[in-house]
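**Student:** With the hints as extra help, turn the sequences into a complete structure.
Those protein sequence lines, which keep their order, are chains A and B. Converting from the first sequence to this note's numbering requires adding 17 to each position, the first position being numbered 1. Converting from the second sequence to this note's numbering requires adding 6 to each position, the first position being numbered 1.
Quick caveat, the hints were computed from the structure, so don't treat them as lab data. No incorrect hints appear here.
Below, simulated DSBU-like cross-link-like pairs (lysine-lysine); rule was C-alpha separation at most 35 Å, straight line: (1) 65(B) x 168(B); (2) 65(B) x 207(B); (3) 65(B) x 112(B); (4) 168(B) x 155(A); (5) 191(B) x 207(B); (6) 191(B) x 155(A).
With the Cβ distance kept under 10 Å, some of the chain B side facing chain A (calculated, not the full set): (7) 166; (8) 167; (9) 188.
In this text, all values refer to a predicted model and were calculated from it rather than measured experimentally. Backbone N, C-alpha and C define an ideal beta-carbon position, used for all residues, glycine too.
Read off the chains here:
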Amino acid sequence: MNGTISRIAWRNLWRHPQRTILMIATVAVGSLVILILFGLTDGVVGSMTATQVDWNQGDFQVRTQAYAEDPLSEHALTPSQISTALEALSGIEAEAIALRMETAGMVRSAYGTDGIMIRGIDPLNEAGATSLDQIVVKGEYLGNTGQVLLSTALAENLDIRLGEKVVLLAIGAEGTDSRAFRVAGLFQPPMTDLEQTAMITLEDARSMTGMEGATSLAFALPQGTSTHRTVERARELLASQPGIAVADYFDLNPFARFMISGSTIKMIPFVVMISLMAGFGVANTTFYSVLERTREFGVMTAVGMSRKLLSRMVLIESIMVAAIGFVSGGGLGYLGLFYLSRNGWDISFVTDMVGSIGFPRVIYASTSGWYWLAALSVVVFTALTAAWYPARRVNRLEPVTAIREG
Amino acid sequence: MTRTVLLVLLFTSLISGVALAQDASPSAQEILDRVNETWQGDSFHGIIGLDIILSGQTKSHKLEVWTLGEELALIRILEPEIDLNSGYLQLGDELWFYSPDVGSIKLPSIALGDAVFGAGPSLEDLSRGTLSDDYDVAAENTETGFFLTLIPHPDAPVVYGKLEIWVTSDFVMERLQYFDQRGEKLQTAVFSDVIVVGDRKFATTIVIEDAFGDRTIQRIEAPQFDLVLDAMFFRLETFEAWGEGS
Numbered sequence: 018m019n020g021t022i023s024r025i026a027w028r029n030l031w032r033h034p035q036r037t038i039l040m041i042a043t044v045a046v047g048s049l050v051i052l053i054l055f056g057l058t059d060g061v062v063g064s065m066t067a068t069q070v071d072w073n074q075g076d077f078q079v080r081t082q083a084y085a086e087d088p089l090s091e092h093a094l095t096p097s098q099i100s101t102a103l104e105a106l107s108g109i110e111a112e113a114i115a116l117r118m119e120t121a122g123m124v125r126s127a128y129g130t131d132g133i134m135i136r137g138i139d140p141l142n143e144a145g146a147t148s149l150d151q152i153v154v155k156g157e158y159l160g161n162t163g164q165v166l167l168s169t170a171l172a173e174n175l176d177i178r179l180g181e182k183v184v185l186l187a188i189g190a191e192g193t194d195s196r197a198f199r200v201a202g203l204f205q206p207p208m209t210d211l212e213q214t215a216m217i218t219l220e221d222a223r224s225m226t227g228m229e230g231a232t233s234l235a236f237a238l239p240q241g242t243s244t245h246r247t248v249e250r251a252r253e254l255l256a257s258q259p260g261i262a263v264a265d266y267f268d269l270n271p272f273a274r275f276m277i278s279g280s281t282i283k284m285i286p287f288v289v290m291i292s293l294m295a296g297f298g299v300a301n302t303t304f305y306s307v308l309e310r311t312r313e314f315g316v317m318t319a320v321g322m323s324r325k326l327l328s329r330m331v332l333i334e335s336i337m338v339a340a341i342g343f344v345s346g347g348g349l350g351y352l353g354l355f356y357l358s359r360n361g362w363d364i365s366f367v368t369d370m371v372g373s374i375g376f377p378r379v380i381y382a383s384t385s386g387w388y389w390l391a392a393l394s395v396v397v398f399t400a401l402t403a404a405w406y407p408a409r410r411v412n413r414l415e416p417v418t419a420i421r422e423g
Numbered sequence: 007m008t009r010t011v012l013l014v015l016l017f018t019s020l021i022s023g024v025a026l027a028q029d030a031s032p033s034a035q036e037i038l039d040r041v042n043e044t045w046q047g048d049s050f051h052g053i054i055g056l057d058i059i060l061s062g063q064t065k066s067h068k069l070e071v072w073t074l075g076e077e078l079a080l081i082r083i084l085e086p087e088i089d090l091n092s093g094y095l096q097l098g099d100e101l102w103f104y105s106p107d108v109g110s111i112k113l114p115s116i117a118l119g120d121a122v123f124g125a126g127p128s129l130e131d132l133s134r135g136t137l138s139d140d141y142d143v144a145a146e147n148t149e150t151g152f153f154l155t156l157i158p159h160p161d162a163p164v165v166y167g168k169l170e171i172w173v174t175s176d177f178v179m180e181r182l183q184y185f186d187q188r189g190e191k192l193q194t195a196v197f198s199d200v201i202v203v204g205d206r207k208f209a210t211t212i213v214i215e216d217a218f219g220d221r222t223i224q225r226i227e228a229p230q231f232d233l234v235l236d237a238m239f240f241r242l243e244t245f246e247a248w249g250e251g252s
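**Tutor:** Printed below as a string of structure tokens:
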């Protein structure tokens, strides 16, 4: 019996192909938008994390508690603290550990001045930890003291060319120090906040700030290691060292924590809104198609078709529309997400505007099987609820009135 | 504004006068030392008019300035009216801004660095007499004095490629030109309206013009040198006293 009803429902749908296609499209667009929304939101967070970890911060950092609260070079880890920390963490398998001495400062060319962060690095370790050497697009990677690497954006702003001399001013424990540096290379960071960072050798940074040691140790973990568990372990290992703190991605990027906290919950209003729109679109059309067929339904009941079967037929029509719409929309959505996860979405037009809040220039969408569920549950549920009223109307049909009305 | 005012700080330490001494045929280094000497001053008081012309628009300021040695400086803004009795106080490496409405604010010490930094290290070097530490100097005799070419040492913290200085025969700087590292002219400072006060000789007008045609014109009125100033005058309470007086 159900088979017959389904066949009739299917045939009914294609009596008005345009209308049906419209309904399918409504559901399809709804599911597609929800999918893309989820994929991109997760993608932003994922890309942000990956970009910062891979190119800037490493998986986690060890620094002093004082530096975490007030990032001044005078709060740097002392050489003895560094060796204690490295010893305590020797059990952690790290791909590379980069020592850094960072301080605020300025860069000056003949054409202007700009505020920057000065990062003293050990060129070899830094290349291992953040692949800085791979984003050098002009000139050479940092080699010797007296050299500086600047971002292409900064070099453009201050009209600095490769090989020219710039003066860096660094804030140290005892006032400021200005020194000349030769621009050895220009790098193009994948996110804007590294654009205002000048890379010099650890040695130069130490002598400019008058501090020994390093402001932070950046740890890069091998692929596949659980950062979360490693950080917990590092915290345990360093628990006996007062004043030394382990900072994970969220400690280093408070903005990301704010973005991620409740990001799924923040999506609910959008999902509800899109679902309602798709739902009402389908309900409206179904309702119209039922009204139009009042006389037909009257005749069918008069010749012995039960009203229960009729209303089931209307329901099945809605389910078919929703299913086709969802499968095509979902399919397209996943294709889109897959494309974006491979090729990314260049949002540098936005990042260039908002500046340094840790956004990468290119967002890679995330594709999780879980998004199906979000789109499915909401769209199908709403479409069915919305189809309930027309079906109910059919169920209450009086054959004689219906035939007359129609 | 802050930077402009701080620029004035620098210049006031430059204009402290010139000893009217002359040498027969000094070497390049000696000429430079003499020029340096002329910048060294003890105390100064004067009113400085400042016209800043940026892309055709002129902004005018009038400042009253006191300096004592290299460490102490006090600037009181006279014009524009809206900033009257606001000012800056420099105590060594510390810098304060005062406004009658908000009181005093300590500016980060980098602001001072910024000004010095932004105003051009060559002027800083001139005022501190460290010019020859950073540059190789060559001199030529001209009809009216000397022409100096200064090339910075490779590791000197100087962003310029070359400086050219014209000096009169009595060691007053007439013109200072900055070149970038590609040999293009960046900025020209012209010193004019030289007057004599006591045994000092100095330029009362300094016009700085950059490659884009933006200009800063500085005029010094009623200059006084080597006057007796109490170090206690250089404190924040002085600002408050002005506010009460007016």
